[in-house]
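Starting from the given sequences, assemble the full structure and let the hints guide the process.
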Amino acid sequence: MDFDTLIFKTILLVVIFLISLVVAMYATYGERKIAAFFQDRFGPNRAGPWGLLQPVADGVKMFMKEEIIPVFANKGLFILGPSIAMFTACMTSAVIPWGGSLELFGKSYSLQVADLNIGILYIFAIVSLGVYGIMIGGWASNNKFSLLGSVRAGSQMISYELAMGLAIVALIMTNNTLSLNEIVVNQKNFHWNIFYQPLGFLIFLTTALAECNRAPFDLAECENELIGGYHTEFSSMKLGFYLFSEYVNMFISSAVISTLYFGGYNIPFGESFGLAPNLLTVLGTVFLFAKIIFFIFVFMWIRWTLPRFRYDQLMRLGWQWLVPLAILNMIITGAVIVFA
Amino acid sequence: MSLLFYILAALSVLTGLGVVLARNPINSVLSLIACFLTIAGHYVLLNAQFLAVVHVIVYTGAIMVLFLFVIMLMDMNRANEPHKKWTTKLAATLSGCLLLLVLLASTAKVMLGGPAPVLSPDMGLIKNLGMVLYRDYLYPFETSAILFLSAMVGAMVLGKHEPKKI
Numbered sequence: 007m008d009f010d011t012l013i014f015k016t017i018l019l020v021v022i023f024l025i026s027l028v029v030a031m032y033a034t035y036g037e038r039k040i041a042a043f044f045q046d047r048f049g050p051n052r053a054g055p056w057g058l059l060q061p062v063a064d065g066v067k068m069f070m071k072e073e074i075i076p077v078f079a080n081k082g083l084f085i086l087g088p089s090i091a092m093f094t095a096c097m098t099s100a101v102i103p104w105g106g107s108l109e110l111f112g113k114s115y116s117l118q119v120a121d122l123n124i125g126i127l128y129i130f131a132i133v134s135l136g137v138y139g140i141m142i143g144g145w146a147s148n149n150k151f152s153l154l155g156s157v158r159a160g161s162q163m164i165s166y167e168l169a170m171g172l173a174i175v176a177l178i179m180t181n182n183t184l185s186l187n188e189i190v191v192n193q194k195n196f197h198w199n200i201f202y203q204p205l206g207f208l209i210f211l212t213t214a215l216a217e218c219n220r221a222p223f224d225l226a227e228c229e230n231e232l233i234g235g236y237h238t239e240f241s242s243m244k245l246g247f248y249l250f251s252e253y254v255n256m257f258i259s260s261a262v263i264s265t266l267y268f269g270g271y272n273i274p275f276g277e278s279f280g281l282a283p284n285l286l287t288v289l290g291t292v293f294l295f296a297k298i299i300f301f302i303f304v305f306m307w308i309r310w311t312l313p314r315f316r317y318d319q320l321m322r323l324g325w326q327w328l329v330p331l332a333i334l335n336m337i338i339t340g341a342v343i344v345f346a
Numbered sequence: 096m097s098l099l100f101y102i103l104a105a106l107s108v109l110t111g112l113g114v115v116l117a118r119n120p121i122n123s124v125l126s127l128i129a130c131f132l133t134i135a136g137h138y139v140l141l142n143a144q145f146l147a148v149v150h151v152i153v154y155t156g157a158i159m160v161l162f163l164f165v166i167m168l169m170d171m172n173r174a175n176e177p178h179k180k181w182t183t184k185l186a187a188t189l190s191g192c193l194l195l196l197v198l199l200a201s202t203a204k205v206m207l208g209g210p211a212p213v214l215s216p217d218m219g220l221i222k223n224l225g226m227v228l229y230r231d232y233l234y235p236f237e238t239s240a241i242l243f244l245s246a247m248v249g250a251m252v253l254g255k256h257e258p259k260k261i
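Chain order of the listed sequences is X and F.
Sequential numbering from 7 applies to the first sequence in my numbering.
Sequential numbering from 96 applies to the second sequence in my numbering.
No lab work stands behind these hints, which were simulated from the structure alone.
Check each hint, because a few of them may be wrong.
[What the hints assert, rightly or not] Pulled from the structure, derived: some chain F residues nowhere near chain X, Cβ distances all over 12 Å:
hint : residue
1    : 105
2    : 140
3    : 163
4    : 168
5    : 182
6    : 185
7    : 193
8    : 194
9    : 195
10   : 201
11   : 226
12   : 234
13   : 235
14   : 239
15   : 243
16   : 250
[What the hints assert, rightly or not] Below are the DSBU-like pairs computed for lysine-lysine, each with C-alpha atoms no more than 30 Å apart in a straight line:
hint : chain 1 : residue 1 : chain 2 : residue 2
17   : X       : 67        : X       : 39
18   : X       : 113       : X       : 15
19   : X       : 297       : X       : 39
20   : X       : 71        : X       : 194
21   : X       : 194       : F       : 222
22   : X       : 15        : F       : 222
23   : F       : 255       : X       : 150
24   : X       : 67        : X       : 81
25   : X       : 194       : X       : 297
Built from N, CA and C at the ideal position, the CB exists for glycine as well.
And the structure:
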């Protein structure tokens with residue numbers, strides 16, 4: 007890799023990191039506004055015009071709060087927990103193709119930090135590491151409620167990973183590749199995977215909700231049985247990291263869903279408009295972000311519409327419905343590929 | 096490249112020692128997780144990206160999570176830690192030493208043979224791996240799959256409760 011590519015990738019990495027943090031920050035604002043809309047309230051409207059400065063105020067509040075580490079907590083692991091949660095949330099963005107390639111100074115740069123030939127599996131591996139942040143934090147708090155909350159979150163995440171993996175297998179079978187960039191290129195001109203894998207998409211969306219610990223799968227936090235769940239003992243920015251990593255995860259999941267099933271950065275029939283390649287790339291990235299924001303909205307829509315599950319219902323849905331459905335989807339996909 | 100290897104190798108050895116030497120079982124498990132991650136790093140250095148990622152997914156992401164579950168739910172009071180008889184301890188030490196001997200003998204043979212020749216630079220890529228697994232080694236592959244299946248069924252049978260009669 008030559009020097010200017012290295013510089014470009016570094017800048018891209020920093021920009022993507024900042025964008026994901028800003029999107030996550032304003033997702034908290036969006037969440038509150040949407041909740042307010044669903045419940046016929048105003049939502050935050052005091053800080054700045056339409057309450058737009060509310061996330062900044064929340065951030066400052068999180069930093070200024072008193073930092074408490076319980077006396078009997080395992081101090082090192084107590085700090086390690088939220089750090090892992092945030093770290094794994096931010097790591098996935100490296101393999102997502104955020105756009106086509108830009109022509110700068112006579113050279114072409116791809117808007118993807120690393121085009122791994124096993125991109126999907128990389129995301130999957132990082133997601134499976136995300137469990138540790140929750141489990142270590144919950145255990146290190148030395149509190150029964152935290153431990154139960156983290157066990158709930160952990161077992162939920164590893165149960166739904168299975169169905170998620172099986173849903174992705176069917177997608178890989180139709181696309182013949184594991185590279186995210188190639189999957190996007192395959193979906194050119196409205197050959198979106200959603201039309202070929204509708205069942206797979208539904209399974210993936212459900213498991214993505216469960217992986218983010220979002221309602222209706224937010225059993226890890228449960229006021230009447232578990233207080234705050236795994237982050238009961240956390241305060242100040244450590245709590246902030248846990249809450250914030252959920253929103254970063256939501257952003258990344260939306261990006262992955264748009265990339266895998268909705269054509270990613272590809273504008274359908276974009277080449278036929280006769281635009282300059284650079285402009286087309288930028289428009290493609292904007293298009294991708296529009297889809298991402300739509301899916302973040304869907305996540306919130308589901309949260310404020312559906313009632314939550316009971317824990318045994320959640321496990322039954324995961325193991326007895328989603329896994330067999332995903333296997334069925336795989337068999338049908340295989341049969342269609344072989345016989346059609 | 097070789098600097099990276101030595102850093103990774105040192106980390107693997109250190110975390111491996113941490114697994115054995117840590118007094119707290121949780122720290123031991125966490126060292127094992129870190130050790131697995133460094134081994135995944137070694138796979139990447141050997142150009143086997145698929146193997147590295149699968150290693151992380153299966154060992155770090157699934158098996159170690161279950162380990163951590165069990166250990167977290169265990170009672171770890173030092174007072175009611177079980178104490179074994181001295182005969183058991185002696186047997187454990189002896190068999191440990193024997194295992195070390197076997198491992199040393201096998202690695203010594205590998206080291207004397209020199210580094211293995213790399214068959215092709217993209218040997219570890221998923222396409223080549225699939226070709227080897229499903230064409231050359233299909234029979235052992237399917238056999239091990241059946242072995243896993245039978246282990247899973249066995250676990251189900253053992254874990255299933257007899258329905259209580261009221």
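These are the hints, each one checked on the structure:
Listed as a non-interface residue, residue 105 of chain F keeps its Cβ farther than 12 Å from every Cβ of chain X; the least gap is roughly 21 Å. Residue placement check: residue 140 of chain F keeps its beta carbon more than 12 Å from all beta carbons of chain X (closest about 15 Å). Residue 163 of chain F, annotated as away from the interface, has a beta carbon of chain X within 12 Å; the closest lies near 6 Å. With a closest Cβ-Cβ approach of about 7 Å to chain X, residue 168 of chain F is found to fall inside the 12 Å limit, against its non-interface label.
Interface exclusion of residue 182 of chain F from chain X stands, the closest Cβ pair being 35 Å apart, more than 12 Å. Here residue 185 of chain F stays apart from chain X, with its beta-carbon at least about 34 Å from theirs, past the 12 Å limit. For residue 193 of chain F, the shortest C-beta to C-beta distance to chain X comes to about 35 Å, beyond the 12 Å cut-off, and the non-interface label holds. Under the 12 Å C-beta cut-off, the non-interface status given to residue 194 of chain F relative to chain X holds; the minimum distance is some 30 Å.
At roughly 31 Å, the least C-beta separation between residue 195 of chain F and chain X is larger than 12 Å, which holds for a residue marked as non-interface. Every C-beta of chain X lies more than 12 Å from that of residue 201 of chain F, the closest at about 30 Å, which supports listing it as non-interface. Taking the minimum C-beta to C-beta distance to chain X, about 14 Å, the non-interface status of residue 226 of chain F holds against the 12 Å cut. Distance check for residue 234 of chain F against chain X: the nearest CB is about 21 Å away, which clears 12 Å, and the non-interface claim stands.
The beta carbon of residue 235 of chain F is kept farther than 12 Å from every beta carbon of chain X, the shortest such distance being approximately 22 Å. Distance check on residue 239 of chain F: its Cβ is at least 19 Å (rounded) from any Cβ of chain X, clearing the 12 Å threshold; non-interface status holds. In this structure residue 243 of chain F is separated from chain X by more than 12 Å, as the shortest Cβ-Cβ distance comes to about 14 Å. Listed as outside the interface, residue 250 of chain F is consistent with that label: its C-beta sits roughly 14 Å from the nearest C-beta of chain X, beyond the 12 Å cut-off.
For a cut-off of 30 Å, the pair hint linking residue 67 of chain X to residue 39 of chain X stands: about 19 Å separates their Cα positions. Straight-line distance between C-alpha atoms of residue 113 of chain X and residue 15 of chain X comes to about 14 Å, which keeps the hinted pair within the 30 Å bound. Between residue 297 of chain X and residue 39 of chain X the CA atoms are separated by roughly 19 Å; this keeps the pair inside 30 Å, and the hint holds. Pair hint residue 71 of chain X plus residue 194 of chain X does not hold up; C-alpha atoms about 49 Å apart against a cutoff of 30 Å.
A hinted pair counts as satisfied when its Cα atoms are at most 30 Å apart, and residue 194 of chain X with residue 222 of chain F qualifies at roughly 24 Å. For a cut-off of 30 Å, the pair hint linking residue 15 of chain X to residue 222 of chain F stands: about 28 Å separates their Cα positions. Annotation: proposed proximity of residue 255 of chain F to residue 150 of chain X holds, straight-line Cα distance about 27 Å (limit 30 Å). Between residue 67 of chain X and residue 81 of chain X the CA atoms are separated by roughly 23 Å; this keeps the pair inside 30 Å, and the hint holds.
Of the supplied pair hints, the one linking residue 194 of chain X and residue 297 of chain X holds, its CA atoms being roughly 16 Å apart against a limit of 30 Å.
In this structure, the earlier hints numbered 3, 4, 20 are contradicted, and the remaining ones agree with it.
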